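Peer 1: When we follow the numbering used here, the leftmost residue of the sequence shown carries the number 9, and every step to the right adds one.
No lab work stands behind these hints, which were simulated from the structure alone. Keep in mind the model is a prediction, meaning the values are calculated, not measured. Even glycine gets a Cβ: it sits at the ideal position worked out from N, Cα and C.
Lysine-lysine pairs mimicking DSS-like chemistry, simulated, CA-CA at most 27 Å apart:
1. 13 <-> 69
2. 57 <-> 82
3. 69 <-> 94
4. 94 <-> 13
5. 13 <-> 57
6. 82 <-> 94
7. 123 <-> 113
8. 82 <-> 69
9. 69 <-> 57
10. 274 <-> 284
11. 13 <-> 82
12. 57 <-> 94
Cβ pair distances, simulated, as ranges:
13. 175 <-> 133: 55 to 63 Å
14. 32 <-> 108: 40 to 48 Å
15. 278 <-> 254: 32 to 40 Å
16. 108 <-> 25: 32 to 40 Å
17. 32 <-> 111: 46 to 54 Å
18. 175 <-> 134: 51 to 59 Å
19. 88 <-> 111: 20 to 28 Å
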Amino acid sequence: MTEVKELNLTEILTALQDFMTSDGSISIEQREFYSIFRQHLNEHEGEFKVEDIERLLMAAKAEVPNLNEEEFFKMGEAILTRYRNKNEDAINERIRALAAEEARKRALAEAERLKREEEERLAEEARIAEEERLAEEERLAEEERLAEEARMAEEARLAEEARLAEEARLAEEARLAEEARLAEETRLAEEARLAEEARLAEERRLAEETRLAEEARAEAARLAEEARLAEEARLAEEARLAEEARLAEEARLAEEARLAEEARIKAELEAGENAKQAYWEGQDLPTEEAKIVPDLPVDAQAAVDEETSSGSLKKTLILGAVLAITAAVAGVFFL
9 MTEVKELNLT EILTALQDFM TSDGSISIEQ REFYSIFRQH LNEHEGEFKV
59 EDIERLLMAA KAEVPNLNEE EFFKMGEAIL TRYRNKNEDA INERIRALAA
109 EEARKRALAE AERLKREEEE RLAEEARIAE EERLAEEERL AEEERLAEEA
159 RMAEEARLAE EARLAEEARL AEEARLAEEA RLAEETRLAE EARLAEEARL
209 AEERRLAEET RLAEEARAEA ARLAEEARLA EEARLAEEAR LAEEARLAEE
259 ARLAEEARLA EEARIKAELE AGENAKQAYW EGQDLPTEEA KIVPDLPVDA
309 QAAVDEETSS GSLKKTLILG AVLAITAAVA GVFFL
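Build the full structure now, drawing on both the sequences and the hints.
Peer 2: Here it is as structure tokens:
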């Protein structure tokens, strides 16, 4: 078997330099990357395996983020190409060994696959048989469960029917009791209403009777008052008429007395005048110088005083009669 030859530090850096100088110029990023990558190579201990080279390349790239990705991959490819060229025979032998190993692995895998498939088939058949057994057991258990559930459901249904029947019976009894209670309440309410209506009607009747009695009493009182007022008016009118008749009679008598008094006074005056005339006729007439006017006779002066007194009495009687008539009329008006 051909031995694999690892690259040394010089071969790695030479391969990297050849790539960088292939177009005649080196960029600033390439120079920075080369310096950092070389430092990582110097710090590495032991052989430079392909995995180590790839790891160091990635570490240097991380420190130079401005380096173009395409150039970075090409630099890595240049180093790996140098590695392949140095180990071409070993790589070819390795490839053939890997192909043989791959074929062996495929054969083993195929045998393992067939074995696994057989085992899987047998396991599947066993699984199916077990599933069928379990399914049968489950079916029987399900049938038993369903039968038990049906029995329990039937019992529950019968119990529910019995419960519903009992509830319906109790509800019916409650309904009948409620209807009886409501009917009794309705009856009592109706009796109370009728009693209340009768009480109110009796109260209205008594109130009406009281009102009519009060009106009759008021009417009787009004009629009695009217009769009293009419009687008082009648009596006042009779008194007024009697007073007027009395006053008229007094006025008549006073007038007759006045006329008689005037006639008496006139007769006395005439008698006095006649006596004076007779007296003067029996006397000698004096001269103008000795002429003396005699006084009136004593009887004539008494007659004048009596006439004055009689006139004052007549005026007093007439004034009293007028005042009495006015008072009587006023009393009748106020009554």
